[in-house]
Amino acid sequence: MRTTLRTTDRPRRRLITMATVLTAGSLALAGCGQADNLAENSGEEPAAEGGDCEQAELRYAWWGSDVRHQLNQEVIDAFEAENPDITITPDFTDWAGYWDKLATGVAGGDTPDILMQEERYLRDYAERGVIANLDDYDIATDAIDENILAAGQTDGALYGIPTGVNVYSVLANPAVFEQAGVPMPDDTTWSWDDFQETAIAIGQTDGLFGMQDHGYNEPGFMVFARQNGEQLYTEDGELGYQDETLVEWWEIALNLQRNGGQPSASETVEIQSLGPEQSLLGTNRGAMGAWWTNQLTAIETAAGTELELLRWPGESQGERTGMYFKPAMYISMSADTECPDAAAAFIDFMVNSETAGELLLSDRGLPANTDVRAAIADDLSPSEKKAADFIADLEDEIIDGTPVPPIGAGEVAAILDRYNNEVLFERMTPQDAAEQFRSEVEAAIG
Amino acid sequence: MSALSELGSLRKQKGQASRSPLEKNDGKYAMFFLGPWLIGLVLITAGPLLASLYLSFTDYDLLSDPEVIGVENYRAMLEDPRLLTSLRVTFTYVFVSVPLQLIAALGLALLLDRGMRGLALYRSVFYLPSLLGGSVAIAILWRQIFGTSGLVNQFLGLFGVDGPGWVSHPDYALDTLIILNVWTFGAPMIIFLAGLRQIPEMYYEAAAIDGATKLRQFWSITIPMLTPIIFFNLVLQFIGAFQSFTPAFVVSGGTGGPADSTLFYTLYLYQQGFTNLDMGYASAMAWLLLAIIAVLTALNFFLSKYWVFYND
Amino acid sequence: MTDLQDAAETFVVAPKRPADRPEPRTGRARSVVKHLVLIAVGVVMLYPLLWMLSSSIKPNDLIFREPGLIPSELDVSNYTVGWDALLHPFSHYLINSAVIVMGSVLGNLISCALAAYAFARLNFKFRTLFFAIMLMSIMLPIHVVIVPQYILFSELGWINTFLPLIVPKFLATDAFFVFLMVQFFRGIPKELDEAARLDGAGHIRIFFRIMLPLSLPALATTAIFTFIWTWNDFFSQLIFLTNPDKYTVPVALRTFVDSTGASSWGSLFAMSIVSLIPVFLVFLFGQKYLVKGIATTGIK
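Chains as they are written, first to last, in my numbering: chain A, 593 to 1038; chain B, 484 to 795; chain C, 4 to 303.
To be clear, the hints were calculated from the coordinates, so they are not data collected in a lab.
A portion of the hints provided could be inaccurate.
Residues of chain B placed beyond 10 Å of chain C at every Cβ, according to the derived structure [what the hints assert, rightly or not]:
#1 I552
#2 R571
#3 T780
Only part of the chain C face toward chain A is listed, based on derived beta-carbon distances under 8 Å [stated by the list, open to error]:
#4 V35
#5 S94
#6 T258
Using N, Cα and C, we set each Cβ at its ideal position, and we do this for glycine too.
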């Protein structure tokens, strides 16, 4: 604990010295800077041991849109009502801005006391000592499924508690199937061949597409690789799949694209960059798309019609099932917060209290805490309930979770997307793309 | 009018000797006039500038200590294919869009300069797109216009042409960003307008008396008097275009896609620094960019001797 | 250049009143054509904004399903909902932005004009070097200087205040405007300050009495641009402000959209329109000050 404190504190001092000492008027500044740091250090050490924070003031940072901001504020209000000696200041922005701001703040020694994390960056922040090992604090985790909790652990320590559960699945619009005169598939038995035939059949109707491109996103490929008994990342943070698997994965998309099952490469790029509301499903132009269960509500609202959640094809034919539960996001604590116990209390409240659960519902995926999930079952909207039932059905089929991605995995999404585009625009063969993807990813996570 | 002739004669009377006492004090006055800037330089500009230079020689992930690694970042840049791509994209963007934008800005500034009904309204309308800045809304707007089923293709459809998805096709995406830059010509236009406004009216009156035609006045008065402003716009738009970030970030959703076709240099730098948490490499990239811009700017200044006219 | 001097000299030698030239007959037709061209360009320029305006009065779920300009259903609720959608009413963010903008405009006007005078009119050691350094300071992309800047401001205890956004403007860190004013100052005939010097004026009086009044267009340009660019500046405001109480308009606007989940596009468009109004007004009225410098205040 104390070592991590020092490592996160040092760059600030060294940087500030270097930034200013080199310039004429900086001597005074650098002096103050160091004095400040010394003062902070001596102030932080007792705090790290649990310290006295009679009036704790904590900053809690998250990303999202206006709906989430309001929900979070309500949770904060509820928490503050129960804990009058703790004040929580919100700090929110959109997804991209969030990571820029967080990294800059960490570099400046101003990590938010409580922060949301995501799979791709969890290990970066954990291994560099920015976020605390939550095992050291009084936060109950026994009501969280082990598979899911494991997704927040690296090297045997818990760095982020999953706030909610999602499943990457195939969303389908029955109305579009009907319009195209194609029967809905049976998702418990369908194969990848069935899937391609279905999508192409729907694409024969003018103005309709079978599927929105799914080749660009790692979670889809993870499912596919797992069905083949492989995985994208191994426990040791290495690549764990054969190039042929990735080639095969892209061949499916190419087949759809060439035969009208999915839109042209240009249209795919356009649609993809605009988010759920403007997806093929959201605009009623497509029969299927690959989405997370917590995106169901947004897409149903945009489409103005009811959708169905399907299992990925090939689940019953592969070596094993590939689908998995994924924490929607994690809640983590800064390693140098001055009031870790207060922060832990808030995290405990977010994860385990029914009050918070009732407010947040499935905003961050269905609550990871199964007791809370049961307690709020009646409050869920019809589409949230649909997602909950789907997840419940899968409990028996899903074997395990995926390991926490290695450091540098934050880049991989963009790399996969880029090579997916190269393939779709047919500027590269899937074989070449798979080779280059591998070497670039190895460099990124190496 | 008589004032000017007076001035002319004054200048002749005034010898070198009478000018020097004031100039001797210039150094002292410079401290007063430059004071705030110097303080800003020392306290705010120089520190971060030098810090980024230092960081360019380190391995720095923002989350832990920077670690000095010598010229490793610069060496890695030599072998980075995406860096080359980003340079190619950026150079194309700069050398195509800046001249086009300046021509549009100057043309409209000239049209909108002299008295005309609805002048203020026209100017404001032409400036409006520039007000949007880097709004997220731009991304959506651009697709409405240049998308597969956007306005442009609907228009082409009238002539039976089936246009591609301009904004999302690797071969055309950069073109739409160039158009976006030309479309936001408001800032240089305003600077041109201000420049036109500052040309002393007396020069035109004098020329008119002399019987010079409008065209001749334009080439002999407007253009030479405007050259410092043209030069300013050229230098700054060049610098600005090299650093251009927001259009590509917003339109491509931060990826520089499709397939790196809009990977602006600064966008790649941003990806390295913030997405990949490699601020050391990003800093090295920044200093390469600085070197490129500095050389081109110096060249610009050097060439300016041959065409920019100063009134002093 | 010589033409120009010729013209000026001719003027001095032969101070005749110019005869009012009659408007040519083609003048009217030409003016109509000119207006038509301008209107055509204007429509192209405006289309995207009209689209945004029309989207802002459509129900959220119709925005992308119905891409035309004319909304089939009118719904102003985007404005009422958007105004209160974030933790504070939108006016809160407008006021924060206004405070930062006012400070920045004032800072830039004072500090950049002072620095520009030194570069344009004074002879001092290191002038070229300083000028080069000034230009260099705008050549580095913000993304690499923001972290050291953050550390600096953090040490000063300025994070989550408006100080990191305003104070630098008073220290002429916007080299763009310094350079802009240098170019304008250099366009002012040197004869004017020389005449003033002979009357015994020093640099300070020349600056206030001659330079500033004569460069009204440049000052207006600086003020307008500082206003607009500060109003729209997202990145530094995002990084330096960490409490919603301090958030500004661009930071607030970003929080309507979440690329991974539900986004309030209608509210975003509506509030974007709202936030455009002040800048548009500033521009509409501010441009009046792009007046003739010398003709009105100079030699007469």
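### Query
In ascending order, which of the hints set out earlier in this document are inconsistent with the structure?
3, 4, 5
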